[in-house]
Every structure is written in structure tokens, then in C-alpha cells.
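Produce the complete structure using the sequences and hints provided.
Chains A and B supply the protein sequences, listed in that same order. Counted the way numbering that gives the first Met the number 0 counts, the first sequence spans residues 0 to 83. Counted the way numbering that gives the first Met the number 0 counts, the second sequence spans residues 0 to 371.
Note that these hints are calculated values from the structure, not bench results. All C-beta atoms, glycine included, are put in the ideal place defined by N, C-alpha and C. There are no misleading hints in this set.
Have a look at the derived ranges for each label pair, beta carbon to beta carbon: (1) A:Gly15 to B:Glu72: 41 to 49 Å; (2) B:Arg195 to A:Thr29: 26 to 34 Å; (3) B:Glu189 to A:Arg69: 25 to 33 Å; (4) B:Glu369 to A:Gly15: 28 to 36 Å.
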Amino acid sequence: MNARDPVELARAALLGVAPDLAGERIEPDTPFRDQFDFDSMDFMHFVAGLAKTTGLDIPERDYPRLQSLRDCARYLEEHGWRAA
Amino acid sequence: MPALGADMEAGTLVEWLKRPGERIARGDPVAVVETQKGAIEIESFQPGVLAEIRVDVGRRVPVGEVLALIRGEDEAAAPARAAARPMAPPALPGVRISPAARRLAEAEGIDVAALHPGADGNIGLAEVEAARAARPFAPAPTARTPAERGLDLVAMRQAIAAAMARSQREIPHYFVGSTLELSTLLAWLEHVNAARPPAARLLYLVPLLKAMARALAAVPELNGHFVDGRFVRAEAVHIGVAVALRGGGLIAPAIHGVDRLDLDALMAKLDDLVLRVRGGRLRGSELADPTITVSNLGERTADALLPVIYPPQVAIVGCGQIAPRPWAVDGALAVRPAMTITVAGDHRVSDGRSAARFLARVGELLQAPEAL
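See the structure below:
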């Protein structure tokens, strides 16, 4: 088990792609695409950031499960991350 | 004041980055100019010493006006123009420059006053082309985007509106579309990407752009510019890729020589371009010289678009989202991923048949993505 808040991990990966979102409220259930005009390039960088900080190899077929902050937290929990 | 695209008429000088007497290396940013596409850093094409500043901070300056004089390293007396690239008619008496040549010089940021006339005593396209080939350093003004430099989105909207209104007024558009079945492409991409870490994966836009660039070889009448009443075919394929800015607005800077890039190099260029549109710097040539534009709506958007040509280009390609569609396979119904691609063409240059040929060729090439 990894004692790091999955929501914070996902939030950090998001800010890595869009630093201008720092301090802004992120709606947990709204897809990034709708919330921040994310395109496929942004999303690719987001997944790459998440893969780097977690060490997970995130296959493309899992991308649909990473569309919102809550989606990501759930995905990371399934892969062993828990808030400390 | 350089022209960065057909729609730019003037820019406001917001900062001098060098002082008179300061030494300048080739490529050094000399001044910052505010345009409708953001703040652009104007770089020097040649080394020397900044001899004289001619424009004060805060002044709005028409394209072509001299901003400053840069004296070459070994020129004691005669100052050479560098930071400034006047588009005004040459001062030389008796020398004429053709409108097409002037337009090309403007697009390339070449100082027409410094051109040598041809054998007939006039300056034509050949003389401008020669100057372009001989230029030691491509102009590389750079731009930063909204968040960093406070881009005026109202001004950008006006620039888009002006270009599109001109397009609708001057270009007799036709539209031709096809829906392409993409299961082969997507299966191949999935296979290639499965072996790569997320940061090294290819987006489907990459093989799509490459297929389009190669297909243009068969339909050169879609790749080029319409200037001074005639079509000037482009030898290279510089695809303008429409990139949306967060918060509104759109820029379509070029990826150069797409037909000659392998997929990984193209992905790297695309990545770099999107990054610089969003938060970094654009180069002047990227804004000024696309030979065709591609507008890709992207995932989870809409099925099709009828794009509007960006003058002086003569075609634009619009890609809808990829979505599962009912598809006839061997007389039975199957579900396949498909994308509707629409080409807008310029009837002054080509007919719908050209666009149909282009789309058929793109479809063929995408059936063998490994060969792209």
C-alpha cells in the first residue's frame, strides 16, 4: 500500500499540465476535457505525469477511466494508493 | 515592423530589449511587439551593434516601418537594416517589384529595399526566392500566450473575424467530405503504443497528418497560396495545425515539411508546437507560412465540421471525432470506428474532384499505417 492521497496525486499531475489552474477549484466529477478545454495532447501529458509519479504503467485502454479527478482517485485506489 | 501573417497591419512596440550601442548577436531578441496574436519578440537577423532606435515604446507602428538600425560588425559608416524589415516600395529609382514578389517578401520578412533587381531591371518572384535561399538566418520572432503575456482575446477574436470575413468574401468555397473507417489505424496505434511509456505514445492525429501530407503530392492544387489573382503552388508541405487556446481563441501555426518527417519526429514537433502555443513562444515563420491547414475537433466533440479557408491558403481540412459507427462489411452490418473528414477548397484553383481524390488517397494511406 502507498500512503499518498490519490486525489492529491491526480491534482499534482493536473497542475503539471496546466500550472495556470493552481488555486482554482477543480470539480471532482466533471471531466477535465469539459472543465479545462483539455485536448488529447493535454491528456497525454497528464497521463504521462501520473505514470511518472506513481510508477504505474497506464495502458491506453485505461484512459477512459481517468477522465475526472474522482475517476483518477478511484483508479489509483484500485492500484494500491490510499490516503495516509 | 515585420508582418506575421496576412491579417497583420500594425503592431505596438512595448519594450526595447537592447540599448543603442549594445552588441547584438544573430538571433538575439531586440524588441517586443504586441500584436493580435500576442506579444512577439522580434529577433535580429544579423550580428552587429544597435545604432539607432527609431520608434518609442508605446507607439503603434504600421507593418513595414523601420524600427531601428543595426550596424554590421565591419561597417563603420553605412548602417544596415536588421531589426526592421520595411515592406514599403524600394527607394531605388526605376526598379519595379511585382505584387506577387512583394507579397512573398512580406510573408518571408524580406526587406525589398535590399533586393537586387533581375536581368530585366525589375524584382520578381525569382529575386525574392533567391534572397530567401541566401538568407543566413530565418526570422524568428517569438510569442508568448495569454497567461504569460496578457494576450488580448478581444483583439484575437477581431483578427480571426477579419481573416474569416475576407475568406468568405473572396474565396468561392466548395466542400467535399468522406467518412473513413479507421479500425486498421487504431489497432496499429494500440499495438505500437502498448510497447511505449505514456510520454512516448503517438496520438492518432500524427499518422493522420502524415497521410494528408503524403496525399497532397497527388493533389498539389490544394497546397499553396492564392496571391495577386493566381495560385502559387507550394513545393513544401507546411501544415497549419489549429490549436485552441484555453479561454478562447485559436492559432494555426505550421509544422514544416510534414511529408518528410517520420511519425516520431512529427509527434515531437506537434507536442512542441502545442506546448508553445499554450505557454511558450511561437516563431514568426510558423505563423506566416502554412501551405494548408488542418482543424481536428478531437475526441468527444462533434462528428463533422465545414471549415473556412485561411487566406491566402487554398484549402483546409476538417476532422470530426472518431466514433463507433454502423458499417457495412461484406454485406453485413458491423460497428467500426470512423471519422468524417471534410475538405474545403477554393474554386478559383480546384474543383471538388481534387478534394475527393485527396480524401481517397488519405483513406488508402491510413489502411497501411506502418508504411507511413
